[in-house]
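Line by line, the protein sequences give chains A and B. No gaps in the numbering here: position 391 of the first sequence is 372 in the working numbering, and each next residue is one more. No gaps in the numbering here: position 369 of the second sequence is 350 in the working numbering, and each next residue is one more.
Just so you know, these hints were derived from the structure itself, not from any lab. A few of these clues could be false.
When chains are identical, the list treats them as one kind, so a pair holds in a single copy or across two.
Stated by the list, open to error - Pairs of lysine to aspartate or glutamate residues, derived as EDC-like cross-links and limited to a Cα-Cα distance of at most 20 Å, are as follows:
#1 Lys193 to Asp346
#2 Lys193 to Glu272
#3 Lys196 to Asp346
#4 Lys141 to Asp302
#5 Lys235 to Glu399
#6 Lys296 to Glu280
#7 Lys305 to Glu272
#8 Lys193 to Asp269
#9 Lys162 to Asp236
2 protein chains.
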Amino acid sequence: MTQHTPEKTPGKSETSLEAGVSRRRLLGTASAAGVAGLALGGAGGAYAHAATREEPPAALTTLGSGSVPFHGVHQAGITTPAQAHGHLVAFDLAPGAGRKEAAALLRRWSDAARRMMAGEPVQGGQGGGADSGIALDAGPSSLTVTFGFGRTFFGRTGLKGGLPRELAPLPEFSADALDKKRSNGDLWIQVGADDALVAFHALRALQRAAGKAAKLRWQMNGFNRSPGATSHPMTVRNLMGQVDGTNNPKPSEKDFFKKVFVPEDGSPEWMAGGSYVVLRRIRMLLDDWDERSLDEQEEVIGRRKSDGAPLSGGKEHTEPDLEKRAKGKLAIAANAHIRVAAPETNGDAAMLRRPFSFHDGFRDDGAPDAGLLFLAWQADPLRGFVPVQRKLDRGDALSPFLRHEASALFAVPGGPREGEYVGQRLLEG
Amino acid sequence: MTQHTPEKTPGKSETSLEAGVSRRRLLGTASAAGVAGLALGGAGGAYAHAATREEPPAALTTLGSGSVPFHGVHQAGITTPAQAHGHLVAFDLAPGAGRKEAAALLRRWSDAARRMMAGEPVQGGQGGGADSGIALDAGPSSLTVTFGFGRTFFGRTGLKGGLPRELAPLPEFSADALDKKRSNGDLWIQVGADDALVAFHALRALQRAAGKAAKLRWQMNGFNRSPGATSHPMTVRNLMGQVDGTNNPKPSEKDFFKKVFVPEDGSPEWMAGGSYVVLRRIRMLLDDWDERSLDEQEEVIGRRKSDGAPLSGGKEHTEPDLEKRAKGKLAIAANAHIRVAAPETNGDAAMLRRPFSFHDGFRDDGAPDAGLLFLAWQADPLRGFVPVQRKLDRGDALSPFLRHEASALFAVPGGPREGEYVGQRLLEG
Chain A
-18 MTQHTPEKTP
-8 GKSETSLEAG
2 VSRRRLLGTA
12 SAAGVAGLAL
22 GGAGGAYAHA
32 ATREEPPAAL
42 TTLGSGSVPF
52 HGVHQAGITT
62 PAQAHGHLVA
72 FDLAPGAGRK
82 EAAALLRRWS
92 DAARRMMAGE
102 PVQGGQGGGA
112 DSGIALDAGP
122 SSLTVTFGFG
132 RTFFGRTGLK
142 GGLPRELAPL
152 PEFSADALDK
162 KRSNGDLWIQ
172 VGADDALVAF
182 HALRALQRAA
192 GKAAKLRWQM
202 NGFNRSPGAT
212 SHPMTVRNLM
222 GQVDGTNNPK
232 PSEKDFFKKV
242 FVPEDGSPEW
252 MAGGSYVVLR
262 RIRMLLDDWD
272 ERSLDEQEEV
282 IGRRKSDGAP
292 LSGGKEHTEP
302 DLEKRAKGKL
312 AIAANAHIRV
322 AAPETNGDAA
332 MLRRPFSFHD
342 GFRDDGAPDA
352 GLLFLAWQAD
362 PLRGFVPVQR
372 KLDRGDALSP
382 FLRHEASALF
392 AVPGGPREGE
402 YVGQRLLEG
Chain B
-18 MTQHTPEKTP
-8 GKSETSLEAG
2 VSRRRLLGTA
12 SAAGVAGLAL
22 GGAGGAYAHA
32 ATREEPPAAL
42 TTLGSGSVPF
52 HGVHQAGITT
62 PAQAHGHLVA
72 FDLAPGAGRK
82 EAAALLRRWS
92 DAARRMMAGE
102 PVQGGQGGGA
112 DSGIALDAGP
122 SSLTVTFGFG
132 RTFFGRTGLK
142 GGLPRELAPL
152 PEFSADALDK
162 KRSNGDLWIQ
172 VGADDALVAF
182 HALRALQRAA
192 GKAAKLRWQM
202 NGFNRSPGAT
212 SHPMTVRNLM
222 GQVDGTNNPK
232 PSEKDFFKKV
242 FVPEDGSPEW
252 MAGGSYVVLR
262 RIRMLLDDWD
272 ERSLDEQEEV
282 IGRRKSDGAP
292 LSGGKEHTEP
302 DLEKRAKGKL
312 AIAANAHIRV
322 AAPETNGDAA
332 MLRRPFSFHD
342 GFRDDGAPDA
352 GLLFLAWQAD
362 PLRGFVPVQR
372 KLDRGDALSP
382 FLRHEASALF
392 AVPGGPREGE
402 YVGQRLLEG
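When you get a sec, could you build the whole thing from the sequences and use the hints?
In structure tokens:
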């Protein structure tokens, strides 16, 4: 258990010399805060809110220095622990742009992603230009950039031979109310980072690097818990307050990689080590939800809100007992979300959910425009998202509180080897 | 320098017993990551992106455990170091609601703010209801809630006698393009926290506590660097990549409190210890800005981008030499932002700027809807924001890259004493 190779590249400030410098700087800062505190104390202790937060040195170097490698069998941002900030953005190739322009674009994007994930500045636009400087001073903050291809990409680039059958359009679901303008797209990028400015810097740099080759189609912003906000780092809560993702497949489990990734000898060849991601913008009807009692909410989900334990008993990670009855009825109701979504009721369908919450303010009707940017990763959507969503669409007690407002499916190729750009095996194959 | 009283209340997980529990939990987590890493290594080290981040225990308890006191001479959220997440929200009193309903509302809001800033759950709606649970597991994460009153509040509550002269409407500026629906309001709340879910939890709880007494008028979301993302914690960058806030008055300086807060014997009496906040939603024309060379950008601002040093030389905190000439011209241009905004060119006008950046996606014209939620705190707007903005409006080289899209001015009363609610001295005076 202690033999694993640390996968995190130490950030700049973790090298011994740099760390020393950083810590001295931090101590300098702490002293400055001390001066402020003293001045306040001198005013009779009355000004109780000035200089209220002290950051121990350790906290000031950890979050920023986390970095995730760009190269590998898989792209980053899939099994990487979900970051505090996420941007999802889709582009369409510009009219007239084809395979050649797309290849040049993916080469530029990959180069920018590699540099930024290492905490380095990037040239700004297609024709150069200075780095915007937004991420200056910060470490890579676990930045990941993940690239995907939509079904329409293959027609526009004359690469129809490379189109995977897994990119067949998702079926329509009865509860869908999809905005086509915020759905699908030729190209997709997921940006994640634990610092908002680092994430924004990457998004802007990638948008500028698109130049005239591709045009923004839609963009969404999301968030998760900040590292360190809770001492239960494996527990993720959504905006309904519910523990989310308990039943996710875990990398330590048998078949995890088979469920999530296309195998090395899979088809098409250029997708070896890749994955298919389903994105759904799921707005939550929080005003309705919050009016329900805690008992009602827990019955809808099938888990206790406090700790995520199944209503059949135990703790968060106890296997739900779907047959258990109490007081003459099922402990986990027939239409409870966790029953309807469970792999065992869906032919063992499995996907790795790695969502961000979103909150885009309030709608004209006064309701919060907030919910989940649901992202599900799988080797085959027909053995993951599709059968589960078909079932949820028909009989999930949670459905009345949700609105699926946008949908997309992308093929996310394997990670680039040294010197390679993402998608090279497709574009130059 | 080491004698100041720590103003931060230790969070739950900082007590010795709890800290021990947390650390054991964290070590358990690290081991789980270790298992994943081992499994990956067993697959030939091929799966380089799984379980890539390890969080040392220190980082996992620090951010969440920070807490800021609710009671005090001033409200929290003014001199508190700016948090990573902010929500700004304005309400209008409902038709028919007057002084009595407003007093009951401020009592409910204050009670909820006090509890949440201590990391405790709150009753949900006006009639009770469970806490939404969104902040469960997390520490207070330096949550602050700050309340203010707009000019229109005084007419609607029959409290015109309490209206401060400082709440006179701001003058119009030639470059304003204000959206009235996103400006002003009877009541204002600023929520800040270092965790996005803690901040959202507070916003929702306060909105639910409004009940039928007040209706949401507008709402904005903002962000800053995450604690720990940089080893320069005093340096804030905006979305132009520029160091921002260098010349802010500091609590250690003479007259800091006089500049920012209404004195104890000030007028009106209910505003003792209070402050006036000017809010401007300033969209940045980032596509235009990013096209300029680094030299041009630095000339517009008057500071070096890399470290914020004035172009007259030195380091970030070196006093700019506004007279210095080099190669026959002023080192800091006549229309450079820092010259036009400097207190010494504005009759010593001073304000404490404590902004959040914002990014609401992209506009219909393809430009980013992003910029600065400018928040300026001062004892008197006519000696702070107004003279500076008048000057900037006429001759700031930065103005062509900015759009002021919303504006508001609120009277933020002093902090509540034990047992008091915010604004009680006005509402029951």
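A quick look at each hint next to the structure:
Taking CA atoms no more than 20 Å apart as the test, Lys193 paired with Asp346 passes between copies only; the shortest distance there is 15 Å, against 38 Å inside one copy. When the C-alpha separation of Lys193 and Glu272 is checked against a cutoff of 20 Å, the pair qualifies only between copies, where the shortest distance is 14 Å, while the shortest distance within a copy is 49 Å. With identical chains, the CA atoms of Lys196 and Asp346 are at most 20 Å apart between copies only, with a shortest distance of 12 Å across copies and 31 Å within one. Taking identical chains as interchangeable, the C-alpha atoms of Lys141 and Asp302 are never at most 20 Å apart, the minima being 46 Å within one chain and 63 Å between chains.
For the identical chains of this complex, Lys235 and Glu399 are neighbours neither inside a copy (29 Å) nor across copies (57 Å), given an alpha-carbon limit of 20 Å. In this assembly of identical chains, the alpha carbons of Lys296 and Glu280 lie at most 20 Å apart only when taken from the same copy (16 Å versus 60 Å across copies). With identical chains, the CA atoms of Lys305 and Glu272 are never at most 20 Å apart, being 28 Å at best within one copy and 64 Å at best between copies. Within a single copy, Lys193 and Asp269 get their C-alpha atoms only as close as 44 Å, which misses the 20 Å cut-off; across copies the closest is 16 Å, which meets it.
In this assembly of identical chains, the alpha carbons of Lys162 and Asp236 never lie at most 20 Å apart, being 36 Å within a copy and 54 Å across copies at closest.
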